[in-house]
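Q: Given next are the chains, with one letter for each unit.
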Amino acid sequence: MYQKISLAVQEGEIEEVDQLTIKSLEKGNDPLDVLNNALMSGIEIVGQKFADGELFIPEVMMCAQALQAGIDRLNPFLKQDENPHRAKIVIGTVANDVHDLGKNLVKMMLTANGYEVIDMGVNVSAEEFAGAVRGHNPDVVGMSALITTTMLEMSKTIEYIKTQGLHNGSLKILVGGAPVTEKFAKEIGADLYADDAIEAARILREIL
Amino acid sequence: MCRVLIIGELINGSRTVVKQAVVEHDETVIRDLAVQQVEAGADYIDVNISVGQGDKEAEDMVWAIKLIEEVTTVPLAVDSANLQVMEAGLRARKNTVLVNSVSAEKHRMEPFLDLCAEYNAAAAALPIKDSGIPPAPEERLEICQLLAEKARDRNIPVENMYFDPLVLPLGVDTYNSYAAIETIKKLKKTIPGVKTTAGISNVSYGLPGRKLLNQVFLVLCMQAGLDGAILDPTDQGLMAAVKTTEVLLNKDKMCMNYLQAYRKGLLNN
Ligand code: B12
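Here the protein sequences line up with chains A and B, keeping their order. The end of the first sequence is residue 208 by the working numbering, with every number in the run present. The end of the second sequence is residue 269 by the working numbering, with every number in the run present.
Please note that a few of the clues may not be correct.
[What the hints assert, rightly or not] Cut-off 30 angstroms, straight-line C-alpha distance, at most; resulting in silico cross-link-like pairs (DSS-like, lysine-lysine):
| no. | chain 1 | residue 1 | chain 2 | residue 2 |
| --- | --- | --- | --- | --- |
| 1 | A | K156 | B | K129 |
| 2 | B | K264 | A | K186 |
| 3 | A | K186 | B | K56 |
| 4 | A | K156 | B | K56 |
| 5 | B | K94 | A | K183 |
| 6 | B | K211 | B | K264 |
| 7 | A | K156 | B | K264 |
| 8 | B | K264 | A | K162 |
| 9 | B | K211 | A | K156 |
[Claimed, not checked] Not the full set, but computed from the structure, chain B residues with beta-carbon under 10 angstroms of chain A:
| no. | residue |
| --- | --- |
| 10 | V51 |
| 11 | Q53 |
| 12 | N82 |
| 13 | S103 |
| 14 | D130 |
| 15 | G171 |
| 16 | V172 |
| 17 | G206 |
| 18 | D232 |
| 19 | T234 |
| 20 | Q236 |
| 21 | G237 |
Honestly, the hints are just simulated from the structure, not real lab data. Predicted, not measured: the structure shown is a model, and the values here were computed from it. By construction, the Cβ of each residue, glycine as well, lies at the ideal position given by its N, Cα and C atoms.
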């Protein structure tokens with residue numbers, strides 16, 4: 001049964017994942033067990049195949065949707081402290097920048113790895129980032145910048161989040177985008193940097 | 001019927017070779033890329049030197065333009081998001097010029113259009129506003145109409161405005177290529193005399209078989225009324241697609257360019 005669900009996730013069969021998840025619950029399987037050993041194990045293989053160049057973006061998007069269908073089914077049966085998601089991430093492209101292909105790929109990979117991702121869109125101001133951190137209380141806030149001039153917005157945003165007292169113990173700040181380097185990330189006081197979407201998922205898995 | 005204007009995209013700071021050449025001021029690389037593109041049929045040479053050197057960018061732009069103008073009189077597309085860099089480029093060049101690019105973002109629209117008017121430059125105009133890129137062709141058209149109006153206010157001739165429908169990757173959403181093609185059609189229908197241009201290779205990002213996707217997409221855009229294309233002119237297959245489509249759309253009287261391309265061996269790919 002778990003193997004079937006995992007395969008359906010890998011094939012991006014939304015309807016099938018949904019139906020199989022229902023069946024699995026009817027059979028009396030533990031929802032948390034279904035989550036970890038069926039849905040998640042399926043999506044992990046998807047992530048690996050994307051990293052290996054075996055699967056392409058649209059396929060991964062289908063698989064992520066299939067995963068979501070399963071999670072939506074399980075959600076009502078999970079106990080409060082059994083959040084179906086590994087962690088919560090707020091993500092957005094910084095002010096004056098509308099490039100979002102990279103950010104969306106990161107979102108896709110994180111979703112496909114079982115994280116809950118709240119997408120703030122593009123041209124997100126420091127105040128909006130801070131507001132989202134306050135409102136959603138995420139584990140990680142992720143920022144994307146694609147233009148050398150908007151990399152400075154990234155620095156401003158981090159500064160602002162810190163002066164608002166939101167960068168306390170548990171919140172991690174993650175940055176990325178083509179012109180952003182690990183060195184730059186350190187200089188502006190980010191906690192984490194990832195070169196691409198796959199790396200982002202790997203790094204978060206290490207710390208969360 | 002005019003041929004499609006080819007804007008050669010190879011001098012771009014996001015390519016590793018160019019980045020290195022800009023940082024090390026390697027003149028040969030820049031000159032060679034200009035010559036190669038002109039020989040391959042480029043009508044414009046795009047000049048983008050943004051490699052993250054901040055305050056040096058204006059200087060680098062002038063440096064690159066001087067080198068390119070040593071080897072060709074082909075028009076230039078000065079490519080920068082930075083107003084100072086753009087102005088430095090416009091001031092330095094002798095060749096005919098196009099500003100790449102203006103958009104409807106508040107901090108960019110008026111100052112960039114002012115520059116176009118001041119330097120009598122053509123412009124590539126993008127339907128981007130502060131909230132981002134609207135997906136729907138109707139909304140993109142609306143932004144273009146606003147830009148056209150602002151251009152008219154400055155006496156910039158409409159045929160100097162090259163509107164870019166914005167080409168986003170097909171792999172992310174199959175609506176993206178359709179939206180670009182529809183936007184071209186709507187632009188040609190709605191704004192009399194307007195020109196259009198598009199960055200072709202974006203469409204195939206993240207998918208296998210990129211060359212064929214680029215070629216077929218270009219053909220569909222040309223059929224929709226594309227006047228200019230930003231692409232790699234040394235990509236022989238893509239250039240063959242351009243020439244073949246031109247002759248099929250009656251843009252190449254007596255098949256002259258097509259036959260010339262055949263004799264040069266440029267059609268067998
Ligand atoms: C596609 C594109 C566009 C599209 C954007 C469409 C969209 N919806 O995003 C359009 C046509 C709209 C566009 C517009 C503009 N663009 Co543009 N664009 C590009 C281009 C060609 C590709 C960027 C891209 O999407 N790459 C693919 C994605 C998947 O890669 P990525 O973004 O790097 O993301 C990966 C990693 O960086 C990382 N990552 C990204 N974000 C994050 C976030 C986190 C948290 C993490 C961990 C990781 C991470 O993971 C991603 C996936 O692996 C680049 C050139 C290039 N080759 O980079 C120029 C480029 C970024 N653009 C540029 C410019 C200047 C502009 C414009 C100002 C127009 C102009 N030329 O005048 C406008 C911008 C308007 C604005 N205010 O933002 C310049 C920036 C130059 C500079 N000074 O830095 C570039 C470098 C081109 C150039 N050489 O001039 N652009």
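Q: Against which earlier hints does the structure fall short, listed by number upward?
A: 2, 5, 7, 8, 9, 18, 19, 20 and 21
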